[in-house]
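Peer 1: Sequence:
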Amino acid sequence: MSLKKIFIFFALAAIYFTLNYAFLSNEGYKSIEDYIDSTKDEFSYEIEEIIYEDEWTGYHIKMISGEWLNSKKVDQVEWWHYVDIIIPKNTQTSTGIMFIDGGVKEEDFFRLDSKSAEYAIETKSVIVNVSNIPFQPTNFLDSEQESFYEDDLIAYAWKEFLQSGAKQKYTEWLPRFPMTRAVVRSMDLAQEITLQNDLNIKDFVVSGASKRGWTAWTTAAVDERIIAVVPMVIDLLNVVPSFENHYRSYGEFSPAVSSYTKYNIQDWMETDEYKKLMSYVEPYSFLERFTMPKYIINAGSDEFFSTDSWRFYYDELPGNKILRYVPNANHSLNGRYLNDDLVGYFYRIVNNIEIPSLKWRLDLDKNLIEAVLDYSGDYDVSVWTARNEKQRDFRLWEEGKLWIQSKIQRSENNRYNIDIGQETSGYKAIMLEFVIDPDSNFPLTISSGPYVLPDTYPYEKYQVKY
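No gaps in the numbering here: position 320 of the sequence shown is 320 in our numbering, and each next residue is one more.
Please keep in mind that the hints were generated in silico from the structure rather than gathered at the bench. Since this is a predicted model, take the numbers as computed values, not measurements. Treat the hints with care, since some could be wrong.
Below 16 Å or equal to it, Euclidean Cα-Cα: the simulated EDC-like pairs (lysine to aspartate or glutamate) are [claimed, not checked]:
(1) K62 - E107
(2) K169 - D34
(3) K62 - E106
(4) K72 - E160
(5) K407 - E423
(6) K159 - D142
(7) K105 - D142
(8) K89 - E122
(9) K62 - E49
(10) K89 - D54
(11) K202 - D188
(12) K62 - D188
(13) K321 - E288
(14) K366 - E288
(15) K262 - E106
(16) K359 - E316
(17) K73 - E146
(18) K105 - E78
(19) K276 - E146
Pair by pair, the computed Cβ-Cβ distance ranges are [unchecked claim]:
(20) I353 - Q422: 17 to 27 Å
(21) K390 - D75: 38 to 48 Å
(22) P255 - E67: 30 to 40 Å
Glycine included, C-beta positions come from ideal geometry on N, C-alpha and C.
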């Protein structure tokens, strides 16, 4: 074959593959995994600082996780994040904590504090923190508003996807795709860095709060390195009935979700477009993937979600699972997400220490909550009750601290029958709480899901517009 023919052959081949790639790109992405696999070449990083302490070494790294949308839609297509890693000198486990953090792109500092270092040393484990999830602020070029953050960013992108007919070719609009990709790339990065330190980190327990908690779910769904998941304050799986419960409790959508109300997202909830959106990003749409252990931490007085939202998903989650509602805590969980609950659970996972199991049910005929704890060790038990004489509302910022603790005696057979009483007015929320190994270095708190009684609503269902 002549050189001219060889040149023509490769030129035609290049054109074919370019056109074929463009065609595939125009078709959009079938799933989060498809999105992550299709954008592998966009990953890079640069170590900005190495911190040497007596008991640990820290890395502060700027990581580019990939691109989102294009320069006609957003002012900056490249997503980058700061990944901070603490490697204790006494590391003895091949499992790390992968914590998904928020923040903004201007915040260039090492985000793992002295308490985080303490956790790493005590558990003899690597801790990884990725910040700026989602990449923010973002400016959408077709919007008069500048600087989209957090829910505003997500709600605006959802609006664009829904109004485009929720077709596969528009899935690039879904922020959950690049948010999940950033966590996957952070784990890739952490494994590279730890290998350079003669460590082989094989897997992770992933956690995050709010929209980062949602991203913990989606990361666990797509990456086999996740051996347990600890989502926090994202009490929203099975979104549609959860939001119906929310609206019928308050008679409005809470100001905390105003970003979604602003873009009329709730008005799409009964449409085929919304169902398609949820099929791509809603953990409830792929429950069968969550076979790994799960510790779900929620706030008992969250301004985003109604107190009994667990009812719409918890029982349907497969495999080992435990739940905690933090009494008198709002969406911030009293100020710290990388906390004792997460670390206590992580310690049990990596050291194969018994994790309790709790089952409960409400028996209205007997006026009881019946609960059975499966655990052989020491624990304390309490009943927490909250009352509101006027509203089906236990939000901290609306009603203040309503939850009151009543410690009860431990049962010899680990079975509990809790009288729920009879309410003559207003509403009551009630739950059981168990503090496992309370005197140990790593206690673990779990609870039943709160019941709100009476099981009635003061408001009718929200009437959607579409």
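Peer 1: Each hint: holds or not?
Peer 2: Tested hints:
1. K62 - E107: Within the cut-off at roughly 11 Å; holds.
2. K169 - D34: holds, 13 Å
3. K62 - E106: Roughly 12 Å separates the two Cα atoms, so the pair holds.
4. K72 - E160: Holds. K72 to E160 sits at ~14 Å (cutoff 16 Å).
5. K407 - E423: Given pair K407, E423 is violated - Cα atoms ~21 Å apart, limit 16 Å.
6. K159 - D142: Holds, at about 13 Å.
7. K105 - D142: Roughly 22 Å separates the two Cα atoms, so the pair is violated.
8. K89 - E122: Roughly 11 Å between the alpha carbons, so the hint for K89 and E122 holds.
9. K62 - E49: Holds, because 10 Å separates the two Cα atoms, which is no more than 16 Å.
10. K89 - D54: holds, 8 Å
11. K202 - D188: holds, 10 Å
12. K62 - D188: holds, 14 Å
13. K321 - E288: holds, 14 Å
14. K366 - E288: violated, 34 Å
15. K262 - E106: Violated, at roughly 27 Å.
16. K359 - E316: holds, 13 Å
17. K73 - E146: holds, 13 Å
18. K105 - E78: holds, 11 Å
19. K276 - E146: At roughly 28 Å apart (the allowed maximum being 16 Å), E146 and K276 break the hint.
20. I353 - Q422: 17 to 27 Å: violated, 41 Å
21. K390 - D75: 38 to 48 Å: holds, 46 Å
22. P255 - E67: 30 to 40 Å: Distance hint for P255, E67 holds at roughly 34 Å.
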